[in-house]
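A.B. asks: Take the sequences, apply the hints, and build the full model.
Top to bottom, those sequences are chains A and B.
The opening position of the first sequence corresponds to residue 0 in numbering that gives the first Met the number 0, with each subsequent residue numbered one higher.
The opening position of the second sequence corresponds to residue 0 in numbering that gives the first Met the number 0, with each subsequent residue numbered one higher.
Keep in mind the hints are simulated off the structure, nothing from the lab.
It is possible that part of the hints are untrue.
Put simply, identical chains are the same to the list, so a pair is met inside one copy or across any two.
What the hints assert, rightly or not - 30 Å max Cα-Cα, derived DSS-like pairs, lysine-lysine: (1) LYS215 / LYS340; (2) LYS352 / LYS363; (3) LYS313 / LYS111; (4) LYS21 / LYS111; (5) LYS215 / LYS28; (6) LYS164 / LYS224; (7) LYS350 / LYS235.
Protein chains: 2
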Amino acid sequence: MINVAVLGYGVVGSGVVEIIRKNSLSISKKAGKQITVKRILDIRDFPDSPDKDILTKNADDIFNDPDINVVVETIGGITAAYEFTKRALTQGKHVVTSNKELVATHGPELLKLARENRVNYLFEASVGGGIPIIRPLNRCLAANEIRSIVGILNGTTNYILTQMKKEGKEFDVALKEAQKNGYAEADPTADIEGHDACRKIAILSSIAYDEFVDYKKIYTEGITKITPSDIMYAEKMNSTIKLIAMSEKLNGMIETRVSPVIIENTHPLAGVEDVFNAILVNGDAIGEAMFYGRGAGKLPTASAVVADVIEIVKHWGSFGGYNWNVKEENNVIDIMETESKFFVRVKVNDKDKGTNEIEKLYQKVEWLKPLEAANGEELVFITECILEKDAKDMLKKVSQLDCVEEVLSTIRVFDYRP
Amino acid sequence: MINVAVLGYGVVGSGVVEIIRKNSLSISKKAGKQITVKRILDIRDFPDSPDKDILTKNADDIFNDPDINVVVETIGGITAAYEFTKRALTQGKHVVTSNKELVATHGPELLKLARENRVNYLFEASVGGGIPIIRPLNRCLAANEIRSIVGILNGTTNYILTQMKKEGKEFDVALKEAQKNGYAEADPTADIEGHDACRKIAILSSIAYDEFVDYKKIYTEGITKITPSDIMYAEKMNSTIKLIAMSEKLNGMIETRVSPVIIENTHPLAGVEDVFNAILVNGDAIGEAMFYGRGAGKLPTASAVVADVIEIVKHWGSFGGYNWNVKEENNVIDIMETESKFFVRVKVNDKDKGTNEIEKLYQKVEWLKPLEAANGEELVFITECILEKDAKDMLKKVSQLDCVEEVLSTIRVFDYRP
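C.D. replies: Spelled out as structure tokens, the structure:
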């Protein structure tokens, strides 16, 4: 019998306990041994919980118990979770987590610690909720050199963008609704500013390219500035707006970013709606493969945690974690040196003059017909594929033109097809 | 160092050798040991092959070599492949295959033989080409009770149906083109009659429900009778025609079939085009997850084979294959006892009389407006959800009506949403 301790009895932690109890028979059969939750750590009181007999507020009840061999960390954050994870690994206890923040921040150190103590540190649930992606990327596509990963990795922002598109809602309204429906947290910053997606693409890239990709180096832009008008323009372009996280290996370096993009409706990611996530992987042998499903939620995420626990028990005694080399030199291409097409909307007081000046600046742009609601005060265009630094320069010049009152939007146009 | 022998130097076999050579460094790193192809068995001559030094026509060169620990079987079929697989497993050599026919036919026996000899018999490449599906189903979704699997599992038929839809081609023309482009074999029977998809859904179901599902018990219908007119009717229904393989666990029994269906364009499988495959899995914890990619082809399939080899080497000494219980009692629901909606087209000589008689027979049908090209000689309707045996009975009665000249089409309408 394998005894598991769960640290943190929140949404995911309680889901883990629930799944192990509910599917106990089939789980034990697949793992080859019975798996039992022996202890749950949480500082809160749960007097009515069915698990109250095994709940404890004292971490020593877990770390001093030699019969507990696997620790599930579903606390979140990088303070207590970090300390507990180090303590467990040092004691030779396997650790499974859904904590993307901790993996993206301290992954290399924790993986090294796991290796030194001959235990596993697994985190399938940290990306894509219940969608199997980390193990398929590492194991099933092991014969491939991975070229690129492009995905919708955050369910909250995808839900908000879907609502804005379908109901014509403003961002703030859609966000409030997402919060009301439990799809966004009270403090939604990590989701709407793209930080969550950033950590996830950092983890996927580190596995795909077999070297640590530091999330702090990834250019990240959220969706707070997207307006219903932007979405209507995208529709006129037979496209839709999505928060896309991407990374691509180019001549030994990695190009990676998180940003809203205008993406053609024929692209497989364009049809991914609501809280669903999808990840497109391109490998040299397999070509393109896509993984799609619920990217968050109690049971989907908990099921990914439990799958990692089963994996450890099934291959008991064997361990073979990831080895994230931390390169001394920088391995991420500076965003200023990357190229994109940009969709730009500006408010003008003189349309003809504005048109002239913009054509002088950019040399070549594709003009879009402004929406009727814009009352003729808008100029809308798409640039050619230009360097980020040039795009920034030119946009500054545009904003300084006398005839331009305001730059209303700049959104990348996604033209990457793996 | 691990020495591999490849049996069969055809499309997939030569792809395996190519990938192991090309990605040698990263493969060895991931496996933890160097992997080398020591021998290739094929009865044909390949005087110009870069592998001619390790090619042999004598199986003893492989089976009498104790240094060969892993055998890749890419011969296909169930005669020589079956004998060689038994011989390898009995000798304690691990076997990896892409041979769906052999797995679907002799899976339980070969898995038992592998267990008895403490080796692995792995077959990720047998379903979905390079798409990781078997391991994710077994491992990553291990914490789930799988409820259903619905998929497009055959690239050839999906290519043909896509061509028929996009170019308005007749089936025969689209098939010839598929053969010309290398997407269909000279004898296309196994693909176009649904046998290939049938074996694949049998394998997936056996893994998902942890009991052997005999492909011979699965109702299978191909796409040879589908016409451009059927596809145009489907389009009028905002739908498309796809060859769908499905299985669902219902009260301990399995409902499963392979057949063309009319499927709504909003369904995630409707947009899967050309030679791509996609598999929708529904589990009690994860909800719906989809896996999408190239379902066939030399390198995608070979990459799945090599991933299995890496898996074996990485967990050397550990084995933990599938255990397909063969139930004594029947575990597949008789197709006659299953329910579907049917799309029916009949050629009539008297429209009013036909309408009357059909309404009398079916009580309730939904009438569709015939295409103009039908010259008013057609009646087209969709039945309610009815038992297969009743559908058969009624269709027989329809065909015997004086006013009916011919039943032109009957196609299931897919209304299953996981």
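A.B. asks: Compare the structure with each hint and give your call.
C.D. replies: Right, here's what the structure says about each hint:
no.	hint	result
1	LYS215 / LYS340	within (24 Å within a copy, 54 Å between copies)
2	LYS352 / LYS363	within (16 Å within a copy, 66 Å between copies)
3	LYS313 / LYS111	both (22 Å within a copy, 18 Å between copies)
4	LYS21 / LYS111	between (34 Å within a copy, 29 Å between copies)
5	LYS215 / LYS28	between (42 Å within a copy, 27 Å between copies)
6	LYS164 / LYS224	within (14 Å within a copy, 41 Å between copies)
7	LYS350 / LYS235	within (21 Å within a copy, 44 Å between copies)
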